Amino acid sequence: MDTPPARAARSADRLLLEGLRASAPRAAVLLVALLVDAVAILLLPAALARAVDAVLAGRPDSAAVPFLVLLAVTVLAETVSQFADPWCTAGSTASLSRRLARHTLALGVPGSRWFNAGDLTGRLISSAPESGAAPSAVIQATSGLLVSIGGLVALALIDPWLAVVLLLGVPVGTAAVRHFVRRVSRSAGDYQLAQAALLAKLLDAMGGIRTIHAAGTHPLEVERVLTPLTDLDRAGRAIWQSQRQVQWRTSLLLPALQITVITVAGYGVGSGRTTPGQLLAAVGYTGLALGFLGSAGSLLGLGRARAGAARIAEVLAAPALLPGSRPLPAGPGELVLREVTVVQDGRTLLDRVSLTVPAGRTLALVGRSGSGKSTLAALAGRLTDPDSGQLLLDGVPLTELRAEELRPAVAYAFARPALLGATVEDALRWTDEPRPSAEQARAAARSAEADGFIRRLPGGYDCALTAAPMSGGEAQRLGIARAIAHGGRLVVLDDATSSLDTATENRVDEALERALAGCTRLVVAHRPGTAARADLVAWLDGGSVRALAPHAALWQDPHYRALFAPMPTGSES
Amino acid sequence: MTAWTGAEALPAALSGRLIAQALDAGFLSGHPLRGLAWLLAFGAVTVVGAVASRQVYPQLADVVEPLRDALTRRVVDATLRRSALDPAPPDTAALSRLTRQIETVRDSVAGQLLIVRQFAVTAVFVLIGAASLGTALLPLIGIPLAVALLVFTLTLPPLARRQRALLRAEEDFARLAADTFGALRDVVACGAVRRSDAALEAAIEVQHRARTRLAALGTVRRLAVALGVHLPVALILLDAPHLVRGGLSAGDVVGALSYLTVSLEPALRTLVQGLGASGLRLTVALDRLAEASAPPPTPAAPPAGTAGTGEPVGSAEPAGSGLTLERVSFAYHPQAEPVLADLSLSVADGEHLAVVGPSGIGKSTLANLLAGLTSPGAGTIRLGGAPLAALPAERLHAARVLIPQEAYVFAGTLRANLGYLRPDAGSAALERTADLLGLDGLLRRLGGLDAEIDGGRLSAGERQLVALARAYLSRAGLVVLDEATCHLDPAAEARVEEAFHRRPGTLVVIAHRISSAQRADRVLLMDTPAPVLGTHHELLAHSAGYRRLVGHWSTPPGLPPQALPTGPRGAVG
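Protein sequences, first through last, are from chains Y and L.
Take the first sequence: its letters are residues 1 to 573, numbered as in the working numbering.
Take the second sequence: its letters are residues 574 to 1146, numbered as in the working numbering.
Hints were generated in silico from the structure; no laboratory data involved.
Be aware that a few hints might be false.
Claimed, not checked - Counterexamples of contact, computed for chain L against chain Y with all Cβ distances above 12 Å:
# : residue
1 : Arg-679
2 : Leu-687
3 : Pro-731
4 : Leu-1016
5 : Gly-1078
6 : Ala-1103
Unchecked claim - Computed Cβ-Cβ distance ranges for the label pairs, DEER-style:
#  : chain 1 : residue 1 : chain 2 : residue 2 : range
7  : L       : Pro-631   : Y       : Gly-472   : 48 to 58 Å
8  : Y       : Thr-142   : L       : Val-624   : 30 to 40 Å
9  : Y       : Arg-514   : L       : Ala-1002  : 30 to 40 Å
10 : Y       : Asp-190   : L       : Arg-900   : 53 to 63 Å
11 : L       : Ala-1024  : Y       : Asp-190   : 19 to 29 Å
12 : Y       : Arg-446   : L       : Arg-900   : 22 to 32 Å
13 : L       : Arg-1120  : Y       : Glu-339   : 42 to 52 Å
Note that the structure is predicted; figures quoted are calculated from it, not measured.
We put the beta carbon where it would ideally sit given N, CA and C, even for glycine.
Take these sequences, add in the hints, and give me the full structure.
If you want it as structure tokens, here you go:
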């Protein structure tokens, strides 16, 4: 049986392989450059030895030529690989990013339930470059290993004792490095804790900035935010201390090995076993053979790449909301729910609900929080799919409609709309082509009672969205204006006026009545006025429709009236 | 530090020389023991060098840790100052990027100090060492090295530009991804998937291009090493017959080559890689930090004769806490519609004024103006007869207190939080105030004034009570509550407002519920086309807008007055 982590690791590896295949031309350039370099670099000390010996023996001239050619080859190969490495990484990062971004958008609303936005962003901006580095990390590690082994073999060819000396010295080096990593990670943990504490205090203070500004307690707050600096300093110095330790060990290791190699080789020179040139070559091969200690970095990178790939594979494995292929015939906008059931985390949110939202009319959804109102609202425009049952718009199942037909037909306004776009006007026209005109957007803003405050913004409709200070009520009115400008045969208002004061809400409701005349409307209502204005109220209770009747008829029922009783505290929550 | 630096460079300075001696005087002339002795001397020198390099770390920590502290202080200070002027919500992602940039500066400065120092020392001592073997070697090594350094230095500015372009591309991409993924529901609901996908794709492409351009210029690093080290090696080899004729021994030639390949090459490689990567990261991070910690723009001085009062700042002293507004106007932007136009108003010392009006009309702006946090575009606001603009900051902070809707509670004791505006208040005064405002329950639950609290763990209502108690305790004559009770239930709100009503001084309440207006001496209704002032009863009698507001705020929910439209009946399944 497949355990989830094993499956994740395997799908991560599969993703890395696909990435390698996608960036094959670039990876090939890097591979060739590194292989040529490896061969040249391994021949270089031998060529140097021969050249030196030839010079010392008084027959110079052509002896230096192989060495100089090899030198030129390494310079060229390394220059190419210096470019090919980041180029290969950039290419596979871009293709992974593209895939991840597209799939995340295809996941839609269910996706944002499985992964939060910060998590998804993190996977896109850090996991993609991490796993994008995999092809070059594999190639670098391989060629590094080849060079190290080649260096050792070359040492053995010069004098077997040289290889023995090196093989004995290496374990000491690795132990020192491992010790370092452990110590540093402990101090680094302390350091990150202190940093996080400082950031938390700063965010706290920024949340209360109006109070601080009004009270003039700015200097006091700076000191409060900076209290973790002492911990930071202590942890920082501990990190330097452990770096000092490892520096001491490693700065002795390499020279000690080199000196030993030179000594052994020197004896060889004395006894005629080795030439002076070979002594120089031995020093060079020692460096090459020890190179794998440095390539621990690319192994580490490979580990990170696998972890990154696993995080990306997790998102890619989540099922997307696939669009259908049927067009939407002309129609009045009748929405029919047939036996619709939604189960989430083991809880049944909607239980075999069947309901017709009559064309051109307004249906209000009323019920306690958790009764399934917003779930139903999300189903109506296929933001999510039901676990079983069907929804039909003018007779066509939503799942069979092409996205380009469905989206223009259904408009949404939410309690907390996320506004996107460069300017306020752009935010009102936020949709794929064809977009509503600027004039339609302004008319929609007037209907949503948003025109007044938009014109008070710096720059009015051209005010950058990031520079527009907005209350919850103002954002809601922009969200409603966006829905009006978007238009469609079905409009879903999910608690879209909850932050407005009652007076403004009434005016918005009246304007909506005019602006959306003829559209079918599905309204999640918390206030009796909203329910009263609807043609029909569907009273949801525990995932089922408890009653379907006009507000006036339902109002006789005290249980229905109790739904609208003010909360004991936090009236605006 | 210099003495240790000299000692640290000894191995670099003597390596070639000692190897030359070991060969010439030892192994090559049949005295292996003498050769061994020379190598042991080399070993001893290496140990001295390693000991010396140990000393660098504490000194490095002394440079780098205080640097981090100073940068953090500047950034925190400037961030708080800026956010006081900017009403936009804090950008947490930007803040954590800022702390990462401080870390980048810390790491890179340390890295740069180590690398540049190491290289400079190595280069100088290698040149000296080589010159001691034979002065003819000096130009062969020195000239190519100088040219290599010059070429590399010249490419640093374009490298920095490309690095910056990449960083900008990454930041734009991260922001776009966070915005898009945070609004996934809205992207789908608005039918803007293709548009969002295209935007993300374009950002990925920009990033990819920036990475490739940077990689292309990065090859200069490898060429600099070729020029600085490998060219001299080639020159020495080609010139070797001439050098040997000029008096150099076999050992001297091997020694010179080992100076280049053993000492200079690693140092030069580290220099160009280090300056090329972490050096550029450093300049970019410093740029960002300089931007982030620049003093915030000082608001432009009000034009003479409008808001200017003629009195120099610092001369005024409020007498009492009555408020007068003389023809005050305010707009967020010269082109924007004014939030306030020509408002004149006076509030007597000790009076209790409530401000009501639909959301978005500018009530919080008025609160900011009354508290002197924002200056009016035209007109004068006086507190106790003194123009707010002429009050020095300390006097303004002492004379009035503003409590905003978002209560600021910091991690610390309850005592520190309550005594925020009056640090000298005794336990008795704190407890009395807590009783008075209804905070006694929280006090008991936490176990006294010295309990540690954390804003995140209190309810929204409790946080507001803490902020209100703080304002109550302050000695300020004017209290401005800007929806500061919105998370309290009506009874708790009444208790708080009663307490403030009895507190000596002037009280301005931006009302969240109509009951707040009923409790006030007078009510200011902010409404279009012009604000209206009067008692609750006067406004009820004369203002239709006020009656509408009161009606909507206070009538118990029930059937709306208008007739219900009759719709077709839906079918319950």
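The hints, checked one at a time:
1. Arg-679: violated (8 Å)
2. Leu-687: Check fails; 10 Å does not lie beyond 12 Å.
3. Pro-731: holds (15 Å)
4. Leu-1016: The claim stands: L:Leu-1016 keeps its Cβ more than 12 Å from every Cβ of chain Y (closest is about 19 Å).
5. Gly-1078: Holds, since 16 Å exceeds 12 Å.
6. Ala-1103: holds (14 Å)
7. L:Pro-631 / Y:Gly-472: 48 to 58 Å: holds (54 Å)
8. Y:Thr-142 / L:Val-624: 30 to 40 Å: Given about 38 Å between the Cβ atoms, the range holds.
9. Y:Arg-514 / L:Ala-1002: 30 to 40 Å: Given about 58 Å between the Cβ atoms, the range is violated.
10. Y:Asp-190 / L:Arg-900: 53 to 63 Å: Taking Cβ atoms as reference, Y:Asp-190 and L:Arg-900 lie about 59 Å apart, which means the hint holds.
11. L:Ala-1024 / Y:Asp-190: 19 to 29 Å: Because 27 Å falls inside the window, the suggested range holds.
12. Y:Arg-446 / L:Arg-900: 22 to 32 Å: holds (30 Å)
13. L:Arg-1120 / Y:Glu-339: 42 to 52 Å: At roughly 49 Å between Cβ atoms, Y:Glu-339 and L:Arg-1120 fall inside 42 to 52 Å, so the hint holds.
Checked against the numbered hints given earlier, the structure breaks hints 1, 2 and 9 and satisfies all the rest.
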